[in-house]
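Using the sequences and the hints given, assemble the complete structure.
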Amino acid sequence: MKNRIVPFLIVIFSIFLFLIFYKGLNKSSLYAPNNEIEKDIPIFSTLTFFDKKEISSKNFFDKDKFYLLNIWASWCVPCREEHPLLIILGQNKKLEVIGLNYKDNSNNAKKFLEEMGNPYKIILLDKDGTKSIEWGAFGVPETFLIYNNKILKKFVGPLNQDSVKIIEKTLK
Amino acid sequence: MKIPKIVIIISIFFYFSPLKADQEKLQNNIAKNLRCLICQGQSVYDSDSQFATSLKLIIKKKIENGLTEDQIYNFLTKKYGEWIMYDPKFNKNTYLLWFLPLLIFFFGGAIVFRKIKK
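Chains G and X are the protein sequences, given in the same order. To get my numbering, take the position in the first sequence, counting from 1, and add 1085. To get my numbering, take the position in the second sequence, counting from 1, and add 681.
Keep in mind that the hints were calculated from the coordinates and are not lab data. Just to be clear, a hint being listed does not mean it is correct.
Computed cross-link-like contacts, DSS-like style, restricted to lysine-lysine with a CA-CA straight-line distance of at most 27 Å [as the list claims (entries may be wrong)]:
#: 1; chain 1: G; residue 1: K1137; chain 2: X; residue 2: K737
#: 2; chain 1: X; residue 1: K743; chain 2: X; residue 2: K706
#: 3; chain 1: G; residue 1: K1148; chain 2: G; residue 2: K1206
#: 4; chain 1: G; residue 1: K1137; chain 2: X; residue 2: K741
Laid out in structure tokens, this is it:
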């Protein structure tokens, strides 16, 4: 009887290990951030892009209003790709597009806006990248859909037609 | 003339104070325990990416603001999830991860013990 218990336990243990590896190895090793989030927006203060005035996030995110916070930089190639879509979204009256200029040279950023257009109602500065970390961002470009001081959706990477559809659907 | 010299000596003394060295050590320890989420197999400490550089800066600021190591980990796991930690915390999602090596050790030990006894 005793001799049977050991092989039995070994078989059970092997099955257990197999299941763990089967589940673990099938899982993608690439990190995919959760885009469906309901987190409170961070409270921070920073300078505005054009007039370099100190401003607190409490002062420009009203409740019952949709905001789209876009982290961008003039040196970021995918930002150029998504910019025409931001221009379209900026024309939507239900939505206010806010820019967060990430680790950028001020003159280059101004040239970028002159060339591509300015969809932003207000642009904030993130000179050292720490404000973006407060938002839980990975880099540029990254976009957050905000309502009632909560982040509803997060778009990592450049916006595309699908993300615009998702944003417009949420606004309805 | 003596006063400026004394001021310079005191400032040099404070610049190299053990407090600052401790702070830097803590900052490096935290950065070593964080995964650089946009790099492959690198810690925040090892990486020079934009993300890691900003993260190192925020760790420094949080330490200067008096936050403890645990508070900084909590802040970052709230923003980026448990995945950012190399050393996952002990909670219901990680029981198996922490106990499995122990279980395997005891199971193997029991088999060896039985064999020796025979």
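Quickly compare the C-alpha distance for K1137(G) and K737(X) to 27 Å and report which way the hint goes.
holds, 25 Å
Pair hint outcome, K743(X) versus K706(X) [Cα-Cα no greater than 27 Å]:
holds, 14 Å
Holds or violated: are the alpha carbons of K1137(G) and K741(X) at most 27 Å from each other?
OK: K1137(G) and K741(X) at ~25 Å, within 27 Å.
Tell me if the straight-line CA distance from K1148(G) to K1206(G) falls inside 27 Å.
Holds, because 17 Å separates the two Cα atoms, which is no more than 27 Å.
Of the hints listed earlier, there is not a single one the structure fails to meet.
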